[in-house]
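Visitor: If you read the sequence shown in our numbering, its first letter stands for residue 815, the second for the next number, and so on.
It is possible that some hints are incorrect.
Simulated restraints, written as ranges between beta carbons of each label pair [as the list claims (entries may be wrong)]:
(1) Pro1480 to Arg1566: 52 to 62 Å
(2) Pro950 to Arg1102: 22 to 32 Å
(3) Gln1030 to Asn1245: 32 to 42 Å
(4) Ala876 to Ala1573: 33 to 43 Å
(5) Lys1640 to Gln1430: 49 to 59 Å
SDA-like cross-link-like pairs, simulated, lysine to any residue; straight-line CA separation at most 20 Å [to be verified]:
(6) Lys1149 to Gln1286
(7) Lys1218 to Thr1232
(8) Lys1345 to Gly1326
No lab work stands behind these hints, which were simulated from the structure alone. The C-beta atom is built at its ideal place from N, Cα and C for all residues, glycine as well.
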Amino acid sequence: MWAPSGLSGTHGTDPRLALQNQARKQAANLSPISVEEWNSLLKKVPNKAPGPDGWCYEMLRALPHEAILELASMVRQWEIEAQFPQHCDITQYAMLPKNETSERPIGLTHVLHRIFCKARWHLITEWENSYNPTSPWNQAKAGNSSLDTALRRLIRAETNKREKRHTITLLLDLTSFYETVPHWQLLAQGVRHSFPPLLLERALSLYSGSRYIEAQGSLSRPIRATRGLIAGCPLAPALSRVVLHDPISKMHSASPVHHIDLWVDDCSADFVDSHAPTVAAQAIKCYRELKADLENQGLMVSTTKTAFICSNKASARELQSLLEEHEPPIKTLGKDLGLDYAAGQRRRITVAKGRHAKGGQRARKLTKLQVKSTSIRVRLFNGSIRSSALYGHEGVGVAPKRRKWFRSLLAAALGRPTLASTDSALEFHSNKVVDPAYTILSQHFKAIRRLLLSWPDRDIGRLHQSWNKLGQWLSEAEHPWKRAAGPLGAAWCYLQELGWEAISLSKWRVEGDILDIRQGPDFHGLLFQLKHLIDTRRHRRIAQSDGGKGLETGPDWTAPRRLLKQANKPEKAALQALWQGAVKASPTATCSLCNLPATKKHVLWECKWWKKHGEQPPRWWEDYPEHQSTDCLWNFGLMPNLPREMPFGDSILEVQGVLRNPDQIPEGAFAATDASGGPTTDHRLQTVVWGLIVYEWCGDTPKRIGSIAGLLGNEQSVYRGEAKAIQQAALLLPEGTDVTSDCKGAVARARRGPAGGGAHQDIFGTAPTHELRLTWVPSHLGCEEFKAKMGEGQEWRRNINAEVDALVSRHAKALYSTERAERLQKQDKLATDVASFLGRRLLSLLEGGKKDGKGEIPFKRPSKKETDAEAPAAESPSQSSNSTELRRASPDQPRHQPEPSPTPPAEGGEASTDPMPVKQESTEEFSSEESSGEAAPLLPWPLLADSLHLTVDRVRRSNNRDFWLSNLGPTLWLDCFPTFKGSSLLGIGGTRAVYTSPSSEGKVWKVALKADPSHHGIEQTIGQRLPGLCATQTRMVGTGQLTIRDFKTLEIEVLEVERLTLLPDQPSNLQVLHMFMVLTALVGAGIWVRDLNRKNWGVRPPNPHGPDQGPAEIVALDCGGWAFQDAPLGFPQRVRIASWWGWIEANNPEVAAWARGVVRTDHSSPRRLAIAFRQRLLATDGGKEVLGTLIRQGVIIPSPSLNLCLPMTVNGVNSSGDWCFASIEDLEA
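Using the sequences and the accompanying hints, generate a full structural model.
Guide: Structure, rendered in structure tokens:
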């Protein structure tokens, strides 16, 4: 492949001799590389592998000044002569695995060659400035990336797809391009395209030098190649452009080519036309010509890796008819610069899934390493796991479920306790990590902005039109994410999830404001709002957990983190478990000792066990006024953030002197800037004030002639205040004004000007800060130290900086709130006391549960003697025996029972299906009556006294754990096992099997994989709170193991649920309207509904002994994946219940079309939806009887004044709230 020879293929030839003469002339015109430049370069270069002789950058950095001076002199002599020593042309090759059949050779060149190329890199920059305008196809240039190149192609494919134009993309791959470039071709093309002769000669000398291949500890004989660039040489990427220039230039000039890109040796071309035969003929013609031109230059095209990607079947069919047997195939998916590419045909994530798998594998390795330092784990996650798993996600976006997985990866890397949620783990470490949801969305929006700013003006109109068509197309989809096949589609889906509106591609309505993402300040505001929204949603989810009320605005971490620094190692573990909610408690379980719900508050404070164990709380805490209102304090040891009015925008506090009229600023004026947060470092009390003072010289003394001070808006930080002061100086003062500042970071960033990029574009992106003469001063130093640092004659800068510091400090001190400081001090004291006390309690539990080794917070089970003495006397022996746990816990673990469902059946009778009596909270419609406080009857749990171990044969073969039933064939007979005696199989779904209950004809048993307990807890809680809307009497029967021979052993659980008849396959119009009313009531009560289909609806017959024998009740089944929300929700998005919509649209198209229009108009108002559905029922035959059934089952609740209301769940109690949608007159009518 290298075509080795004894001599270089170009050595001694006339073109090579001419090149050497040109190299000497160019070197003579260059200034020598100074010692200072050498030292600067050596500081910047990263530590890399050493060269063939063992020299590395660390060794060069360790050389004394005299050695560096001698080295610079020798290198200067070498470049003047255009001849480096022979040992500098030796290359050692390391063979890295590429695939199963080949290896990738990487050359280790001499460090002096590498450092010399970097020192003369300005020659490459100058050449690129003249070469790039003549090669628009070249994408490997400054300011661009391979990612952006691939994203542009995806956007063009999306655009063409919306315009209904045929697209064929040629992804061309060259076989071992770096290894097959002939040196004579490199010489000829380099000279022809004016490549810097000094560096071209240096490259040819190196490439024709001796090469040594190292493999498996052995070294080959030297090889003198006549072909091949060296991968690892800094000049190789630039030289590859001149080698491929002529073939690509010829193809680019051909009219059929719509667009062509070249990234080093990766070439891709788009052919677009509205006529399929035309675009197919263009593609095959250009490919054949390009292949011939490349082969004429000694390069080889890979026909196996090269492929055509077609946007539709018509173009693929036409192209296939033109292809010959040896030519590249047509593929539905290609890999374009590392990203999935399907020409806009459909969403494909094959490559992305591979990266996700790699990220998951690295995350598991990180877990096995058991790194103790959190900062090191975060650094490893960001640098390895996140970067590998998320690269290229901007191509087709990251769907919600995958984003949830990324968040769980980070939570695991942070050491999330077993019982803690992902949200609580990310919130606890919010000062160290950023929520992956923000990372993904912000990177995607940044990519969209980059591409918009670089998009050609001639095509920007088409892009906007395609965006509008794309939005309309996606809005019609049941699952928009399934249609998102490119960056624009993914951006649209993200905006819909956030609740933002895209007025156009570049202007988005964000929280009521219209922001242009092309403008730096607006885009900064968008990212600020994005982070605020993601944080707010996380806080709300935490607040919805048991005992989290009050954390809607987020926890105040000031006192907890201060307490954590003072704690020892065991105390830190207890406090982290407390603050992340890793307490073994659940409102759906029952404490077997107290016979009360095992809520977090009960476990931590109220349980009888604490009377004989652990530290007792001070009595005054019980009477503390916030004990009832601030649940998060007493359950998490956290106080909520204290609300604070922050300035929305910048405001001016003071303007004096010439700054009242900046036109009067005299020539030669200079200034000083500063900012202050006030007399405290507590961010909760800081109000940042920025200031600017202008001076002129009065003799040798600065004279103050004007000043301005202002209040910083939005994000509060002293750095932003310093930047704001510099920005104001750039806006008010003439160009070239000397400005002194003591913020080194702000000065460095301001020198780059508005185009510098980075954060804080709302400040730096709005003023020409680079036009000021900025000087940083170390204001923290004393007089003598300042003189030593800055030199003589610079003391005046220290003085003017002190004066502007006094100005901003005075204003910041005036804004300081002593009252707020005292309140925060009391709040911190209380939070510290409560957290310390709860931490000590949990520490005793942690130390008692160390032997479990599961990272859970155990709750000590009382002894049998204590249980017998303190258990309620009414407990029957049968209940006591049935309460035995399926799996025997250790003596130090708690024993909780699930909450009851509806009222259990009376002796000899059937279970009651009427709603349970509930406590009515005080609202406008109801009086405030106190409940009796008696606990509801408890269902014994678990029913199985022994472990459940089942072993069955494997009938079919599938390795998918989630669909484990597919291994068992059409039936799963378990009645041969004692536990299932008397039960019969009713049916098998994808993830569960359903049997008749052996103990009750009115119930069924469901066998499923063991899942998150919160799923079944929520199913039981919904059944208790809204028994008329959902299946009730859900409880856990027990857990166990199911062994499938020749497959695996799975952890399973058995649940008992009310037995209901499924709705018919073709429901009536009245039944469809009945379901709509039930869904409206669910969302009005704050239930988040998802994954709904026709099998999620059951029919509960009317009570045969009741006075009203109207239509049967229709209730929801299998609601384990649902969730409670604080506020009422809108009607479920179509994507969440798409299967159900498809079912009713297929069988009841007229009613479904009408309902879809109602939902689209009033989806956010349960009240208006209920009004519309009620009116439709009244206009339908039999609708009045259905309304009676809705009232009977609790979908509609009459208030005391006989208004019709939707149910509302307040503190776990079902009431009508204020969801009134019909009056007494309507009811009478």
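Visitor: So, against the hints stated earlier in the document, which numbers end up violated here?
Guide: 1, 3, 5 and 6
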